[in-house]
Structure formats: structure tokens, C-alpha cells
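So the protein lines, in turn, are chains A and B. FYI, in the UniProt record's numbering the residues of the first sequence are 1 to 411. FYI, in the UniProt record's numbering the residues of the second sequence are 1 to 411.
Hints were generated in silico from the structure; no laboratory data involved. Worth double-checking, as some hints may not be accurate.
Identical copies carry no separate label here, and so any pair may be met within one copy or between two of them.
[What the hints assert, rightly or not] With a straight-line cut-off of 30 Å between C-alpha atoms, the simulated DSSO-like cross-links for lysine-lysine are:
#: 1; residue 1: K52; residue 2: K78
#: 2; residue 1: K320; residue 2: K28
#: 3; residue 1: K22; residue 2: K344
#: 4; residue 1: K201; residue 2: K307
#: 5; residue 1: K22; residue 2: K75
#: 6; residue 1: K42; residue 2: K344
#: 7; residue 1: K22; residue 2: K410
#: 8; residue 1: K42; residue 2: K201
Just so it is clear, the structure is predicted and the values come from calculations on it, not from any experiment.
There are 2 protein chains.
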Amino acid sequence: MAKNKIDINMSRLKAAFEVSSKIGATEKNGLTRLTLTEEDRKIRDIFVQWLKEEGLSVRIDDVGNIYGKREGRNKNAKSIMIGSHLDTQPRGGRFDGVLGVLSSLEVIRTLNENNIVTERPIEIVNFTNEEGERFTPPMIGSGVATGNYTKEFAYGLRDKNGVSFEEALNEIGYNGQEENRLSNVEYFVELHIEQGPLLEKNRKEIGIVKGVKGMTRFEVTVTGHASHGAHPAYGRKDALVAASKMVLAIDEVTKSYEDLSTTVGVFEVFPSVVNIFAGEVRFTFDVRHLDDQIRNRVISNIKENLKRISEESEVVCSIKQTWNIDGTHFSTELTGLILEETNKLNYSHQYIVSGAGHDAKFMNDICKTAMIFTPSANGFSHCEEEYTSYEDIQKATTLLLNVVMELANKV
Amino acid sequence: MAKNKIDINMSRLKAAFEVSSKIGATEKNGLTRLTLTEEDRKIRDIFVQWLKEEGLSVRIDDVGNIYGKREGRNKNAKSIMIGSHLDTQPRGGRFDGVLGVLSSLEVIRTLNENNIVTERPIEIVNFTNEEGERFTPPMIGSGVATGNYTKEFAYGLRDKNGVSFEEALNEIGYNGQEENRLSNVEYFVELHIEQGPLLEKNRKEIGIVKGVKGMTRFEVTVTGHASHGAHPAYGRKDALVAASKMVLAIDEVTKSYEDLSTTVGVFEVFPSVVNIFAGEVRFTFDVRHLDDQIRNRVISNIKENLKRISEESEVVCSIKQTWNIDGTHFSTELTGLILEETNKLNYSHQYIVSGAGHDAKFMNDICKTAMIFTPSANGFSHCEEEYTSYEDIQKATTLLLNVVMELANKV
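Chain A on its own, in the form it takes in the complex (with noise of 0.2 Å):
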């Protein structure tokens, strides 16, 4: 076969990596990217110069994602889309969402330099605001290109200086046309960091990812009465005191079910004096598992938890949903067939279900959708120490290249 007998270029890739590394660079190796910023325009300026020397005809829709289009020899036939996102999270890591892109941009160059001619189209692509820090929510660019957002809802979107999603997008010149969006797409195909440790704990050299968890999110408030430390020990209604019993109720039920996770993020204390217990505490935490049953019955479980644990300590708490998702299930038809490529290129796998979303997930609504998981160190991501090898990255744009090569010739 074809696609046996070509090769990416991995010093090329490497090169590719070299140059976004530096822009938006921080200290410590990592990256602060934020989309619609100086840093974006950048490089996104290099991506869609690399795209034209590819010769693929480039397009920008109205929310700024960015496609390179790769044609094929049957003119009717939809396109296979790969790629992912080029922003990041405030210090976040070099890898993430830009593996996605670059190694996409590989497969394209590779499939260039051996004059493969395939029969459907190859698009690449570079979602907007897949972080959701500056502008949240996140997903914004493939939100709106798949219907999940209106124009108008992301538009409307401001930072915490009061700018616009769209004044930054003019701002940086990367206002196209509604025209412009994706359509007549058959498969997407995203690449990406695991942002877990499981590869690397089961030593495995590619994730092959059934879907994307579903998740719910609440706000929670505690309210006891704050106090100075000289009361006794009887009688205090010390919020942090239940709250600490709430967050160990919330991180135990992880493990009543296999790839459930929940997550306590924001935590504040008040009025958090030496001499002073908690009066109140607000916290954030979120459930995520696949199957949406499992997580309903998971947050009924931690409702029950959290009243009772009030009760007990007599402090009153209130829980407001603020965000549901519903869990992805990936197109069976593309996980099997990235472990038929993945089994002929003899690496080691296994299915992974991802915690994060991912532009991948409103893809899902409108075409066959799936993704490959590269391991990350340590399970770190979001964070400048997140890392993935080059050697894991060759494994894995390889096995991209092959799915690519092979989805390209199925009409």
C-alpha cells in the first residue's frame, strides 16, 4: 500500500514546533496564547503562510477559524478535516491544542512531497477560542461552524477589559466571511494530548478515545457563622470545617465508578483571618463521566452527601447548577478503524475516554468524529511543565498520516 511507504519528516515537524514555541513563549517553557491577542495574530500569520506554500486554498469564516483546503480527485466527494486549535491557556504548555494543528500541517506536507493524490479532499484547520479563558465558554470557533453557538452569542462575548469576541477579531484582522465555514465534511479526525496520565502509567504509546465526557458543573455556597478562634470548640458552625467534609465526599465517589472524575476548582474562604474561623465558603466543582446516566445518579449521590454533611455541622448550603453537557460518543466506525492502522503500524494502545472537551465533541454533531491521544508526562496539562516526546508525537502524526491516507481513499 501507498501509505506503507512514505514517511513524515520529523525534523520538519520539529521545526514547525520550534516556531510556535516561541510565540507568546513564557519563562518556564510553556506558552500564554490567549485567542484574538497579538500572540494569536502571529501565529496564526506563519500558519496560513505555511498553508499557502502547501498550495492549499486557505479560508477564514466569520469567527476567524482558519481552513486549507487540499482538493481530491472526485470532485463530489466531502472532506476528511483534521487539525485542532493554535490558543492557549495563560502559561499553559506548548503542546495541547497546537499538536493538533501542526502534525495535521505534517500529514499535509508529507502527502505534498510523494505527490499522493487522493480522492477526497483534505481540509486542515485551526479552530478560534478552543481555551474559553479570554472569551469564555470555550469551543467557540467550532461552537458556532457546527450550530452549537450563534454568531450573535459569540460576538457578543467580552473579556475582563470589556473588548469584544469581535472587536478582538477585527483587531487582528481575522474577520472573514460566513461563506467561508466548513461544509461537505465526512470525517474529522482531532490529535491531541491526553491531559491524563493513564498512557503513560499503562505505558502505552497511543490513546484511541471512544468519546468525550459529559460534564456538570455547580457553584456551591457554605454558610456557617465566622467566630473568633477563642471560641471553644463546642457550638461553632465553622464553614470550612463542612466544606472540607463536602470536597472529600465529592473526590470519594470517584471511586464507586470506573473513569469518573469530579473536580473542586474555585475555593474561597471568608473572611480567611489567623483569628477567625470560616463564616462562609464558596466552591466550584464539576462531574464528568461518559455515560450520562452514571453522571446523574454521581450528582444525586453528592447532593445527598453535601445536605447530609450540612445538616451535621448545622451550616446552610445552597448548589446551583451552572453548566451540563451531555457525554460524546465517538463514530465507532473511525475509533475501529484507528485501531486497524494503529494495530498495522504495531503500536501499543488502548481506548481512553477524555476528561476535557475538546472542538472534536461539536464536530461529533455533524460528522463522523473521532481522536488520537498522544501520552502526556505526568498526566500535566494547562501548565508549562506539560510535555509530550517527540518520539510519541512521530508515533502518532505516523498513525494520523495512515488514517488520513486510507479515510482519503474510501468514497
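Using the hints provided, position chain B relative to the given structure of chain A.
For chain B alone, coordinates are given in the frame of chain A:
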């Protein structure tokens, strides 16, 4: 006995409270009257005026302590000192130290209007900066007057705006002479609100304070590793989960010893954002008990627990001791006398060990000292809800009067 024939004037005492409660009043019936501020100056000026109206000789010492002396018949006899402090916490209560000063004033007024001549002189005192909120540490006025702190140490303290204690003292015109410091004092009796729930819970009218708990304070840093909430439950080093276990271990230990209290005060979580679990938690805790041996045993126990939790949670924990003050045992001669007078008045009572520091703590170093506590509604203090009924205040002030009259004739 003469002392049974005279009564305090409750409407006069109420009127004094009404004056005090307006100076630094907060919207919700509390007081913000930080030491050496303009509000403090106002109440001091009024207090000095009241002392002068009672014919007392007024002195101001070099840390702003105000003394008013009522001479006794016996010129060689040492004084009985009574009083407390007029400063408050930010959004603190109307009673706290104010009760000790105004009840003492009422004792003097009652003696005067009944033309009672005592053997010993009686001195009333208002100590500077008992609260220690604007200038840390607390109890600076009594600390310098009793030789626990030097004047230089006090003068060099600075508030958060960089203003020194000495500048603030000069600014409000209360920088007096070193030779005016207290001397020749035999007894010190301080009336104060309980700042705890025991008297109310046990339906007792009077608390006879046996001593002040010793206190040791620590700063703890728990270092795990922050990462994205997408990280599976497995392999997390969540600093908040570990710290929550520590909070509960520190709280749990109070069940093993009577009159033991522990407080986690400051509690800060990093980064405290919705999508990331905690990489670091910093918190303070203190351990309070009258018996130094018990306190030290409890501290060892807590340290072992924190170490065990760190190991089990795979986080790093550093513990730094920042403050230690041993337990204070008040004069049994004085607590015995207070008990006798309480019984004569048929007031219900119980012994109490104070969890908070008080000026009496330092006074105990230089003279026979004890304290009388009144009930605090719900045990609240250092907050606007702090409340003690006038009924309870009347009983405690009557007791104080009788104790003073007993001591004043006992030479």
C-alpha cells in the same frame, strides 16, 4: 456589710454604652473603632472627661494607656486595677473590651455617689491596641506596661498604610509619659464578654475565668500539582483534597481533650479556577489549651497526622510555627474571692478557661489577676452580631463592684 447596701445605676451604665456605641458605629449595630484612629481619639476624650468628672487623677503613659486613680484611705496600700480596652476589630461588636471599661467606670461612679471610702486606691484603665488588628501583635498597651514588650518594639509597629504606632499615638494626642505607667498594683480584675457559647448553653450568669489558654500557631503549605479537570481521578496530586483531610484532622483532635480548641483561619487555594484542581493550599492553624503539656502533645499528634496525610496523598507539606504563648493560670486567691461574692449574690456560674488573649494575661505577670465573663449570645464576638443583654451586664457589674469593695478594704 456596706457593699450590700449599694447598687449600681443601670440607666447610667446604659447611657454610657449608648455614647460608646455611636463612635465608630457600623450599619449593623457593630463598631469599627480601630486603635489610635480618629474614632479611638473621640471615645478616649469622652472617657477622660468622665474620669475627671468623677474626680479621678488621670494619667496617660507613653503607649497611650489611660489611667484614672481614686485614692484610698491607706496611702501605702497598693492599687486594685479594673478596666479593659475601648478599641475594636473592624466591624466588631459594641461589648467586647468596652464592657470592661464602662462597667469599671460604673463601679467608680457608684462608689462616689455613695461616698464610699476604701482602704486601697482603685484605678481604672483603658489599654491601647488590645485588638492588634491595625498594629499586630495585640495587647500592646498592657504588654509594654508589664514589660512584655519594649516601647521601641511598640513604636516601630506599622499599619498597612505604613503609619507607625508612634506616629498614630502622636496624631491623636495620646503620647504621654513613661513615668505614668502603672505601678504598685496588687490586683487586676477584668470584666469581659465570654466570646464563646458555654455560659449561654449552660444557662449560667457568670463565668469565673481560671486562666487563658496557651496558643501555638502554625503556617502550613501543601504542595501538590495543579492540572486540568479533564485529568482522570487516578494519579492526581490535588492539594485541596489533601488540605481538606488536614482541616478535618485538626478539627477532630478537639474531641480528645476538654477545653481544647483548634482553628484553621487563613485558607488560600491556588489557582482556584473552575477548570483546574489545586496545586497549592496555604493555611494557618492554632491550638489552644491552658495546659502546656497537653497542648504540646496535641501539636505532636496533629503534626504526625499532617505528615501521614501528605504521604498518603503524595503531596508535600511544610509546617512552620509562627507564634507560641504558654497557658496563663490566674490567681486562685482572686478566683476564690470572685466565687464567694458570686455565691453571696446568688448568681449561677461556672469556671471557664478563656480561649482568647486579654490584657489580663499580661497583668497576671505583675499582680494577682482574674477575669469575670458575661454570656455572649450564640457565642459570637468580633462581629456585628456580638450581643450581651443588659440584664447580664447588670449582674456582672454588680459582682465587679462587690469584688472591688471586698478587695479595696483587704489590706
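Subject >> Ascending list of hint numbers which this structure does not respect >> reply: 3, 5, 6, 7, 8
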